[in-house]
Each structure stands twice: as structure tokens, then as C-alpha cells.
Amino acid sequence: MGNLKIRINEYKEKKLIYIKFEGALYKKKADKLSADIKNYLEKNKTKLKLDFEKLKIAEKEAMESFASELKNYRDRIEISLPKNFASNSAGFLFVAEIFKIMK
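The opening position of the sequence shown corresponds to residue 1 in our numbering, with each subsequent residue numbered one higher.
It is possible that part of the hints are untrue.
Stated by the list, open to error - Cross-link-like lysine to aspartate or glutamate pairs, in silico, DMTMM-like; alpha carbons within 20 Å at most: (1) Lys-15 to Glu-42; (2) Lys-15 to Asp-75; (3) Lys-32 to Asp-51; (4) Lys-54 to Glu-64; (5) Lys-28 to Asp-75; (6) Lys-71 to Glu-59; (7) Lys-43 to Glu-59; (8) Lys-83 to Asp-51; (9) Lys-54 to Glu-42; (10) Lys-56 to Asp-75; (11) Lys-14 to Glu-59; (12) Lys-45 to Glu-13; (13) Lys-27 to Asp-75; (14) Lys-56 to Glu-13; (15) Lys-47 to Glu-13; (16) Lys-47 to Glu-78; (17) Lys-20 to Glu-10; (18) Lys-5 to Glu-42; (19) Lys-29 to Asp-51; (20) Lys-54 to Glu-13; (21) Lys-29 to Asp-75.
Stated by the list, open to error - What follows is a set of in silico ranges between Cβ atoms, one per label pair, in the way DEER data are often shown: (22) Arg-7 to Asn-44: 26 to 32 Å; (23) Lys-43 to Pro-82: 29 to 35 Å; (24) Ile-6 to Ser-68: 15 to 21 Å; (25) Arg-74 to Lys-14: 24 to 30 Å; (26) Lys-83 to Asn-44: 29 to 35 Å; (27) Asn-9 to Lys-56: 17 to 23 Å; (28) Glu-61 to Ile-6: 32 to 38 Å.
It should be emphasised that the hints constitute simulated quantities derived from the structure, not laboratory data. Note that the coordinates shown come from a computational prediction; the quantities given were computed from them, not determined experimentally. Quick reminder that beta carbons are idealized off the backbone N, C-alpha and C, glycines included.
Produce the complete structure using the sequences and hints provided.
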């Protein structure tokens, strides 16, 4: 399995959490991460930006896990996808349908 690097930045003045993913994302890790993020969003009123631009590999099931766990918070979540996401993973297409794409 490939490595996943995650960088988290908190911008308190903007009430924003920015999470940048790099490398490979598989379902097992996505299940844990999305559950942790969901728990955080339940307790806090912050907005969230998920940056998937640097993901090289993303299992469809991993992206579906994010979409499923976080869909109730989609009004507070923006995502950034790889430029070639359409050819990269069907999971990206699924996530793009649920969340706003970052400009």
C-alpha cells in the first residue's frame, strides 16, 4: 500500500479547517478519517476544506466513505480535486456530486 500524508491547518479567525491529502487513500484509512472528521464537525461549527489535489491513488470505496460520512455537513465543506479527476477515479466523481468544488 502507498503512503498517505495529511496536513491539517486550522484558521481560527476564519473558523476553518484545511486538510490536505497527498499520496494514496484506501478505504480503511478513509473510514477512520471520515469518522474523526464527522465527530469534529458535530462538536464544532467550523467550515472544512478537503484538498485531494495531490492524491495519486484514491479507491472508489474510500471516496464513498467520505461522501457518506460527511454528506450531512456538505453546506460547510468544500473540496479540491485533482485536475484529471475524471480519469483518475470514479470515487472522485461521486464526491464531486455531493460537495462544492473549491474555486
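Structure versus earlier hints - violations, ascending order: Violated: hints 5, 7, 9, 10, 11, 13, 14, 18, 20, 21, 22, 25, 28.
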